[in-house]
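Those sequence lines, one after another, are chains A and B. Once you know that position 103 of the first sequence is 103 in my numbering, the rest is easy, because the numbers rise by one and skip nothing. Once you know that position 316 of the second sequence is 316 in my numbering, the rest is easy, because the numbers rise by one and skip nothing.
What the hints contain is simulated information worked out from the structure, not anything from laboratory work. Note that CB positions come from ideal geometry on N, CA and C, so glycine has one too. Some clues are possibly wrong.
Across the chosen pairs, the derived CB separations fall in these ranges [said to hold, decoys possible]:
{"hint": "1", "chain 1": "A", "residue 1": "Gln-134", "chain 2": "B", "residue 2": "Asp-290", "range": "15 to 23 Å"}
{"hint": "2", "chain 1": "A", "residue 1": "Leu-150", "chain 2": "B", "residue 2": "Gln-258", "range": "50 to 58 Å"}
{"hint": "3", "chain 1": "B", "residue 1": "Asp-252", "chain 2": "A", "residue 2": "Glu-190", "range": "52 to 60 Å"}
{"hint": "4", "chain 1": "A", "residue 1": "Leu-119", "chain 2": "B", "residue 2": "Gly-154", "range": "46 to 54 Å"}
{"hint": "5", "chain 1": "A", "residue 1": "Gln-255", "chain 2": "B", "residue 2": "Gly-208", "range": "47 to 55 Å"}
{"hint": "6", "chain 1": "A", "residue 1": "Gly-208", "chain 2": "B", "residue 2": "Glu-244", "range": "15 to 23 Å"}
{"hint": "7", "chain 1": "A", "residue 1": "Leu-150", "chain 2": "B", "residue 2": "Gly-292", "range": "48 to 56 Å"}
{"hint": "8", "chain 1": "A", "residue 1": "Ser-207", "chain 2": "B", "residue 2": "Asp-290", "range": "30 to 38 Å"}
{"hint": "9", "chain 1": "A", "residue 1": "Glu-129", "chain 2": "B", "residue 2": "Ala-51", "range": "42 to 50 Å"}
{"hint": "10", "chain 1": "B", "residue 1": "Ala-324", "chain 2": "A", "residue 2": "Thr-17", "range": "42 to 50 Å"}
{"hint": "11", "chain 1": "A", "residue 1": "Gly-52", "chain 2": "B", "residue 2": "Asp-290", "range": "41 to 49 Å"}
Chain A regions said to be covered by chain B (calculated; three or more residues, Cβ under 8 Å) [said to hold, decoys possible]:
{"hint": "12", "segment": "59-68"}
{"hint": "13", "segment": "150-161"}
{"hint": "14", "segment": "238-244"}
{"hint": "15", "segment": "273-282"}
{"hint": "16", "segment": "300-306"}
2 protein chains.
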Amino acid sequence: MSVAAQVVKKFINDPETVVPEALAGVAAAHPGLVRVDLEKQLVLRADAPVAGKVGLVSGGGSGHEPLHGGFVGAGMLDAACAGAVFTSPVPDQMAAATKEVDGGAGVVHIVKNYTGDVLNFKMAAELAEDEGIQVEVVVIDDDVAVQDSLYTAGRRGVGATVLAEKLAGARAEQGGSLTDVAGVVRAVNERTRSFGVALTSCATPASGTRIFDLGADEIEVGVGIHGEPGRRREKHAPAREIVEMMLEPILDDLQPAQGSSVLAFVNGLGGTPLLELYLLFNEVNGQLADRGITVGRSLVGNYITSLEMAGASITLLQLDDELARLWDAPVKTAALRWGV
Amino acid sequence: MSVAAQVVKKFINDPETVVPEALAGVAAAHPGLVRVDLEKQLVLRADAPVAGKVGLVSGGGSGHEPLHGGFVGAGMLDAACAGAVFTSPVPDQMAAATKEVDGGAGVVHIVKNYTGDVLNFKMAAELAEDEGIQVEVVVIDDDVAVQDSLYTAGRRGVGATVLAEKLAGARAEQGGSLTDVAGVVRAVNERTRSFGVALTSCATPASGTRIFDLGADEIEVGVGIHGEPGRRREKHAPAREIVEMMLEPILDDLQPAQGSSVLAFVNGLGGTPLLELYLLFNEVNGQLADRGITVGRSLVGNYITSLEMAGASITLLQLDDELARLWDAPVKTAALRWGV
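Isolated chain A (complex conformation):
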């Protein structure tokens, strides 16, 4: 493949200002829903802090939209901290967000397991606690593809983050205590596993060229959301076989009982058409049915992306009645909305 083919054109003005310009767009597009602190790069629930409610703060590098800013609103996050593309936000941002959303009942930090994010959120929690705010930090590490990775000790945090934000957000909205809400995040993480496959790489605005090369007949099995390598490269294969490759390690690890009900989340990594995501969901649904597992709830679309990477991830959450109820509870954010 020629070098020229590796260039990825983008709609940007200046690689340095992509994130603040996009955040200004978020502010202009969703004025009733969120307010944006452009200086600190925070997306905040418009009515934060909500008195008496446990606050939920998440964040991470940009380039995974709608995660996290698209999930700020009633029934989900109170604040999202945006870092530069694929770069953790800093503790000051997280501490400022924590202070802004604290309604007196404490704040939960939902943190994807990447070394920088974990360190910075822990430091932010200490800063906030110094100011008398109770903080619980919960780390998400649902990606069964690899143990340790380019930016991670242990498993990476991926799709479970979206589900934890929704489910814990519902519990907070319903008046759950700090312990309750953090407990939902932990329960979701324990009951959820994910696996991703890339068909192409992506390119950061700063470099403008693809992070890695994949041949015209190759796929990256177990890819991370920053283009981190997966388990192996394989020849491209029919969707049926790719879904088998993804479900097998998830189910090996999750070990759901026959007759279990799961939330099946088929997520696009950014550059894959929705047509293909629904086709993948159909495979997931069929292959789970063959194993005696029911899809009780589902989510299909681009929710945790890797810029324009073509690819998809599958996330399975073992449901119980309480988690199903929390899933169905109203949510009002830019990217997930129902019941209001």
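We have chain A already, so just place chain B on it with the hints.
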């Protein structure tokens, strides 16, 4: 660029069965919302026909998802007919859909202006009328980029279709007559203009290779949603300049008065990250403000796509109080949902 670089990998089993497999996925993912006739390739509102309500039917070639199947539900479409990728559905599908959703108050067909779609919907309307169903066919042609195109006599129908489906769907839900509902579609079409730009081509599942070639520093200005050529090729440019290139022909044609309020819709063509779409929206918002035009409502995301094409379109609708009210009315579909 090498030939190998033109291959686009996809998550499919067989190019022949992409659409029915994806529709089966839609059925499995949204059981309470829609039912899917897999044989006829129809996505139908779960509770259709709604007695006494005007029915809304749209459809077209697949590959533009979530258009149209993602817009089926209360407050929007009653049925969507899916053709093969980039190929019009046939009159039998449209006639069957019309019959399924007729609640006794007549049915409106919302048709994007492509030669095959227009012919087939007109034939379907005749078939339905032969069975005693009143049908109004309204053609959408909002794309100011080109007059006549590869598959179109006159202007192409693009982003206005999404807005017409939402706004006319709201009027139908509120008890509007056949004349009222068709009138909303016509008013939306008259008050709306669009323009698209591509950074890359896309590939149909059947061919697996890109429809057209664009150099690493080229963009297609005025592109259609099937990869049809636009007005011209240009050197790639900063987002600010690209938005100027898009807004100028829209505003020249729409001629909104100073002080007007518009609905600004920044649409991704499939392969462009949401981060960039919000950055584009920020540009649109700023450049309109500079011209004394207010963005009263907005929509940002992938709603009418061209498979994995990287690119975006801008659609502006001149609002009035009634259209703003219809926009805010509840809608419950897979891809657009609020108020319920």
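Evaluated hints:
1. A/Gln-134 to B/Asp-290: 15 to 23 Å: Cβ of A/Gln-134 to Cβ of B/Asp-290: about 46 Å, so the range 15 to 23 Å is violated.
2. A/Leu-150 to B/Gln-258: 50 to 58 Å: holds, 53 Å
3. B/Asp-252 to A/Glu-190: 52 to 60 Å: Cβ of B/Asp-252 to Cβ of A/Glu-190: about 58 Å, so the range 52 to 60 Å holds.
4. A/Leu-119 to B/Gly-154: 46 to 54 Å: violated, 59 Å
5. A/Gln-255 to B/Gly-208: 47 to 55 Å: About 38 Å separates the Cβ atoms of A/Gln-255 and B/Gly-208, which means 47 to 55 Å is violated.
6. A/Gly-208 to B/Glu-244: 15 to 23 Å: At roughly 22 Å between Cβ atoms, B/Glu-244 and A/Gly-208 fall inside 15 to 23 Å, so the hint holds.
7. A/Leu-150 to B/Gly-292: 48 to 56 Å: With a Cβ separation near 49 Å, A/Leu-150 and B/Gly-292 satisfy 48 to 56 Å, so the hint holds.
8. A/Ser-207 to B/Asp-290: 30 to 38 Å: holds, 32 Å
9. A/Glu-129 to B/Ala-51: 42 to 50 Å: violated, 60 Å
10. B/Ala-324 to A/Thr-17: 42 to 50 Å: violated, 32 Å
11. A/Gly-52 to B/Asp-290: 41 to 49 Å: Holds - the Cβ-Cβ distance for A/Gly-52 and B/Asp-290, about 43 Å, lies within 41 to 49 Å.
12. 59-68: holds (count 4)
13. 150-161: That given contact is violated, which follows from only 0 residues of the segment 150-161 of chain A lying within Cβ reach (below 8 Å) of chain B.
14. 238-244: Three-residue rule met by the segment 238-244 of chain A, so holds; n is 4.
15. 273-282: With 10 residues closer than 8 Å to chain B, the segment 273-282 of chain A meets the three-residue bar; holds.
16. 300-306: holds (count 3)
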